[in-house]
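Asker: Sequence:
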Amino acid sequence: MLEDVLERRAAAVEDWFADWFSRYPAVLSTSVDVRSSGYKIAPVDVNFFPAGYNNFGVDARQRAKSAFLEYLSRYLGSKVLIVVESHTRNKKYVDSVIALRDMLGESGFQLEVGVCGIAEDMSVLSSTGATLDVRALVNCGGEVSTTSGFVPDLIILNNDLTSGIPGVLDGIIAQRMIPPPHLGWFNRRKSRYFSIYSEVAEKFCTEFGIDKWGVCTLFVHCQDVDFVSKKGIDNVASGVEDLISKIGEKFRFYGLNCTPHVFIKADNGTYGMGVIEVYSGEDVLNMNKKNRNKMRKIKENNPVESVVLQEGVPTNEVFCNHAAEPLLYCIGAEPVCYLCRYNATRSKFENLNAPGCGFADVGSGIAEEKRRVWRTVGKLAILAAAVEAEEIESAYLNGGLS
1 MLEDVLERRA AAVEDWFADW FSRYPAVLST SVDVRSSGYK IAPVDVNFFP AGYNNFGVDA
61 RQRAKSAFLE YLSRYLGSKV LIVVESHTRN KKYVDSVIAL RDMLGESGFQ LEVGVCGIAE
121 DMSVLSSTGA TLDVRALVNC GGEVSTTSGF VPDLIILNND LTSGIPGVLD GIIAQRMIPP
181 PHLGWFNRRK SRYFSIYSEV AEKFCTEFGI DKWGVCTLFV HCQDVDFVSK KGIDNVASGV
241 EDLISKIGEK FRFYGLNCTP HVFIKADNGT YGMGVIEVYS GEDVLNMNKK NRNKMRKIKE
301 NNPVESVVLQ EGVPTNEVFC NHAAEPLLYC IGAEPVCYLC RYNATRSKFE NLNAPGCGFA
361 DVGSGIAEEK RRVWRTVGKL AILAAAVEAE EIESAYLNGG LS
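Position one of the sequence shown corresponds to residue 1 (my numbering), numbered consecutively onward.
Quick caveat, the hints were computed from the structure, so don't treat them as lab data.
One or more hints might be untrue.
Listed below are the simulated DSS-like cross-link pairs for lysine-lysine, each with C-alpha atoms no more than 30 Å apart in a straight line [claimed, not checked]:
{"no.": "1", "residue 1": "246", "residue 2": "40"}
{"no.": "2", "residue 1": "246", "residue 2": "230"}
{"no.": "3", "residue 1": "294", "residue 2": "370"}
{"no.": "4", "residue 1": "230", "residue 2": "294"}
{"no.": "5", "residue 1": "370", "residue 2": "212"}
{"no.": "6", "residue 1": "289", "residue 2": "231"}
{"no.": "7", "residue 1": "91", "residue 2": "297"}
{"no.": "8", "residue 1": "91", "residue 2": "348"}
{"no.": "9", "residue 1": "294", "residue 2": "231"}
{"no.": "10", "residue 1": "250", "residue 2": "203"}
{"no.": "11", "residue 1": "370", "residue 2": "65"}
{"no.": "12", "residue 1": "203", "residue 2": "246"}
{"no.": "13", "residue 1": "246", "residue 2": "370"}
{"no.": "14", "residue 1": "297", "residue 2": "348"}
{"no.": "15", "residue 1": "212", "residue 2": "231"}
{"no.": "16", "residue 1": "91", "residue 2": "79"}
{"no.": "17", "residue 1": "230", "residue 2": "299"}
{"no.": "18", "residue 1": "348", "residue 2": "40"}
{"no.": "19", "residue 1": "294", "residue 2": "40"}
{"no.": "20", "residue 1": "348", "residue 2": "299"}
{"no.": "21", "residue 1": "290", "residue 2": "348"}
{"no.": "22", "residue 1": "348", "residue 2": "289"}
{"no.": "23", "residue 1": "370", "residue 2": "250"}
{"no.": "24", "residue 1": "370", "residue 2": "348"}
{"no.": "25", "residue 1": "92", "residue 2": "299"}
{"no.": "26", "residue 1": "212", "residue 2": "250"}
{"no.": "27", "residue 1": "91", "residue 2": "294"}
{"no.": "28", "residue 1": "91", "residue 2": "40"}
{"no.": "29", "residue 1": "294", "residue 2": "348"}
{"no.": "30", "residue 1": "92", "residue 2": "348"}
{"no.": "31", "residue 1": "246", "residue 2": "212"}
{"no.": "32", "residue 1": "79", "residue 2": "65"}
{"no.": "33", "residue 1": "65", "residue 2": "91"}
{"no.": "34", "residue 1": "289", "residue 2": "246"}
{"no.": "35", "residue 1": "250", "residue 2": "40"}
{"no.": "36", "residue 1": "230", "residue 2": "297"}
Cβ-Cβ distance ranges computed for the label pairs, FRET-style [to be verified]:
{"no.": "37", "residue 1": "344", "residue 2": "141", "range": "48 to 56 Å"}
{"no.": "38", "residue 1": "25", "residue 2": "142", "range": "20 to 28 Å"}
{"no.": "39", "residue 1": "19", "residue 2": "89", "range": "43 to 51 Å"}
Please read all numbers here as calculations on a predicted model, not as lab measurements.
Every residue, glycine too, gets a C-beta built ideally from N, C-alpha and C.
Given these sequences and hints, build the entire structure.
Answerer: Now the structure itself:
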């Protein structure tokens, strides 16, 4: 159904997106995790500060360079500081930072890479043996610079700020920071994002006569939980049962012989942490200690206190005989890279963003029909992220956020 609409009404779809993005400009960078089952395709996670740029193929790198140049041309100056995560011992992450630095550098920008919370400059190694120089940062009266004296015109954040805004970047900063720091995971909530996405998808699907369920996952938000002490677990189990029932109704309506399942996800955070799958409320009540501990905390030891129960979408994508899923990277409002995440140790029902996963740039090998569907769902996800960003920034400017 979606494929037919996108083919028949391609121009109208493009006009629809152009109109909405004129009202809600896309942020600099997003990655969109997608699950495609054959009966539906939907985003299941969106990140404003993605890693993984090192997985881009030659064509994707070229598209990204052009998109970065176009997006950043709206800002004055050519000196850019990339502020990255502090976990620079992760060599794969260093690979990504080097790739991002090189793409921006080849676009004509003068660059330095900085890390918050270090006292002096340092050099770190990537998985390929390449060296990345990272600079210590200082804040002098609201102007951020490196300790070596590099004063950027623009600061690009590649740090998801799970634990909050570092002191050196906090308060009134003279330079523009993109994406804005209040979009960090200390402030974002997946439950709010997916509520916004549901509203955006509703508008799109109403306009083009599509069942929203085909591009959306059903979800429930549960607050005030602690999986270790089992606080609030009864509510989580009840929520899972309700969601399983609703998914089952959709399966019966469409004549699908499938078993419903649900992902329980920490309401904030990324890196695939704080994610488990269940098939019933009993699975929640009888959860073993290992899984309870998995749901205890996310990155940087931040506790899990609220969760999203999200409809599980079994992936029908396969790469080298392994379960796989699309991962789209976007600069502004346009996807520039189509990756495939695969995992030899996981089934099509499980979370693939886990140890053992690998990545491949599949952009050049996607059939045009599939690319059109991936791109459309990706753009819906980006649009919802743009609406979310506008909402968060408005709350901050109006004094609703500290």
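Asker: If a hint holds in the structure, say so; if it does not, say that too.
Answerer: Quick rundown of the hints versus the structure:
no.: 1; hint: 246 / 40; in the structure: holds (15 Å)
no.: 2; hint: 246 / 230; in the structure: holds (25 Å)
no.: 3; hint: 294 / 370; in the structure: violated (35 Å)
no.: 4; hint: 230 / 294; in the structure: holds (13 Å)
no.: 5; hint: 370 / 212; in the structure: holds (18 Å)
no.: 6; hint: 289 / 231; in the structure: holds (14 Å)
no.: 7; hint: 91 / 297; in the structure: holds (23 Å)
no.: 8; hint: 91 / 348; in the structure: holds (28 Å)
no.: 9; hint: 294 / 231; in the structure: holds (15 Å)
no.: 10; hint: 250 / 203; in the structure: holds (20 Å)
no.: 11; hint: 370 / 65; in the structure: holds (24 Å)
no.: 12; hint: 203 / 246; in the structure: holds (22 Å)
no.: 13; hint: 246 / 370; in the structure: holds (28 Å)
no.: 14; hint: 297 / 348; in the structure: holds (25 Å)
no.: 15; hint: 212 / 231; in the structure: violated (34 Å)
no.: 16; hint: 91 / 79; in the structure: holds (26 Å)
no.: 17; hint: 230 / 299; in the structure: holds (21 Å)
no.: 18; hint: 348 / 40; in the structure: holds (14 Å)
no.: 19; hint: 294 / 40; in the structure: holds (28 Å)
no.: 20; hint: 348 / 299; in the structure: holds (25 Å)
no.: 21; hint: 290 / 348; in the structure: holds (22 Å)
no.: 22; hint: 348 / 289; in the structure: holds (24 Å)
no.: 23; hint: 370 / 250; in the structure: holds (24 Å)
no.: 24; hint: 370 / 348; in the structure: holds (19 Å)
no.: 25; hint: 92 / 299; in the structure: holds (17 Å)
no.: 26; hint: 212 / 250; in the structure: holds (12 Å)
no.: 27; hint: 91 / 294; in the structure: holds (24 Å)
no.: 28; hint: 91 / 40; in the structure: violated (36 Å)
no.: 29; hint: 294 / 348; in the structure: holds (20 Å)
no.: 30; hint: 92 / 348; in the structure: holds (25 Å)
no.: 31; hint: 246 / 212; in the structure: holds (14 Å)
no.: 32; hint: 79 / 65; in the structure: holds (16 Å)
no.: 33; hint: 65 / 91; in the structure: holds (23 Å)
no.: 34; hint: 289 / 246; in the structure: holds (29 Å)
no.: 35; hint: 250 / 40; in the structure: holds (11 Å)
no.: 36; hint: 230 / 297; in the structure: holds (14 Å)
no.: 37; hint: 344 / 141: 48 to 56 Å; in the structure: holds (53 Å)
no.: 38; hint: 25 / 142: 20 to 28 Å; in the structure: holds (25 Å)
no.: 39; hint: 19 / 89: 43 to 51 Å; in the structure: holds (45 Å)
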